[in-house]
Amino acid sequence: MFDSKSIDDMANRLANAIPPGLSNVKDDMEKKFHAILQGALGKLDLVTREEFEVQKAVLAKTRSKLEALEKRVDEIEQKINTKAV
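Residue numbering for the sequence shown follows the working numbering, starting at 714 and increasing by one per position.
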């Protein structure tokens, strides 16, 4: 889902936010941030942009077919009601 570079960038930014007095633990913290981010993001139920766009297109096609079927049902109901009168 998330590329390694994005996670590396986030971990680096977090590590850079560590106060200068703790610079001796910066590398260790960056590795821990990386592991925590990767674990947390890995647990999320996410899809790729490509998968999202495919499902969006499927939904649009399904909606279009549903609207066409609703129109046909309305037309058939009108014909039945006209003949019944």
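These are computed hints drawn from the structure, not numbers from a lab. Be careful, since some hints might not be right.
Claimed, not checked - Capping the alpha-carbon separation at 25 angstroms, the derived lysine-lysine pairs in BS3-like fashion look like this:
| no. | residue 1 | residue 2 |
| --- | --- | --- |
| 1 | K718 | K756 |
| 2 | K792 | K778 |
| 3 | K744 | K769 |
| 4 | K745 | K756 |
| 5 | K784 | K769 |
| 6 | K756 | K744 |
| 7 | K744 | K718 |
| 8 | K756 | K774 |
| 9 | K756 | K769 |
| 10 | K774 | K784 |
| 11 | K718 | K739 |
Claimed, not checked - Pairwise CB distance ranges (calculated):
| no. | residue 1 | residue 2 | range |
| --- | --- | --- | --- |
| 12 | K778 | L727 | 29 to 37 angstroms |
| 13 | V767 | S719 | 34 to 42 angstroms |
| 14 | K778 | P732 | 40 to 48 angstroms |
| 15 | D758 | I793 | 41 to 49 angstroms |
| 16 | L727 | E766 | 52 to 60 angstroms |
| 17 | V786 | V760 | 48 to 56 angstroms |
| 18 | N729 | E763 | 13 to 21 angstroms |
| 19 | E788 | L754 | 27 to 35 angstroms |
| 20 | N725 | R776 | 38 to 46 angstroms |
| 21 | M723 | E763 | 47 to 55 angstroms |
Where a beta carbon is used, it is the ideal one built from N, C-alpha and C, also for glycine.
Hint check:
no.	hint	result
1	K718 / K756	18 angstroms, holds
2	K792 / K778	21 angstroms, holds
3	K744 / K769	37 angstroms, violated
4	K745 / K756	17 angstroms, holds
5	K784 / K769	23 angstroms, holds
6	K756 / K744	19 angstroms, holds
7	K744 / K718	13 angstroms, holds
8	K756 / K774	31 angstroms, violated
9	K756 / K769	23 angstroms, holds
10	K774 / K784	16 angstroms, holds
11	K718 / K739	18 angstroms, holds
12	K778 / L727: 29 to 37 angstroms	48 angstroms, violated
13	V767 / S719: 34 to 42 angstroms	22 angstroms, violated
14	K778 / P732: 40 to 48 angstroms	59 angstroms, violated
15	D758 / I793: 41 to 49 angstroms	46 angstroms, holds
16	L727 / E766: 52 to 60 angstroms	31 angstroms, violated
17	V786 / V760: 48 to 56 angstroms	33 angstroms, violated
18	N729 / E763: 13 to 21 angstroms	32 angstroms, violated
19	E788 / L754: 27 to 35 angstroms	50 angstroms, violated
20	N725 / R776: 38 to 46 angstroms	43 angstroms, holds
21	M723 / E763: 47 to 55 angstroms	22 angstroms, violated
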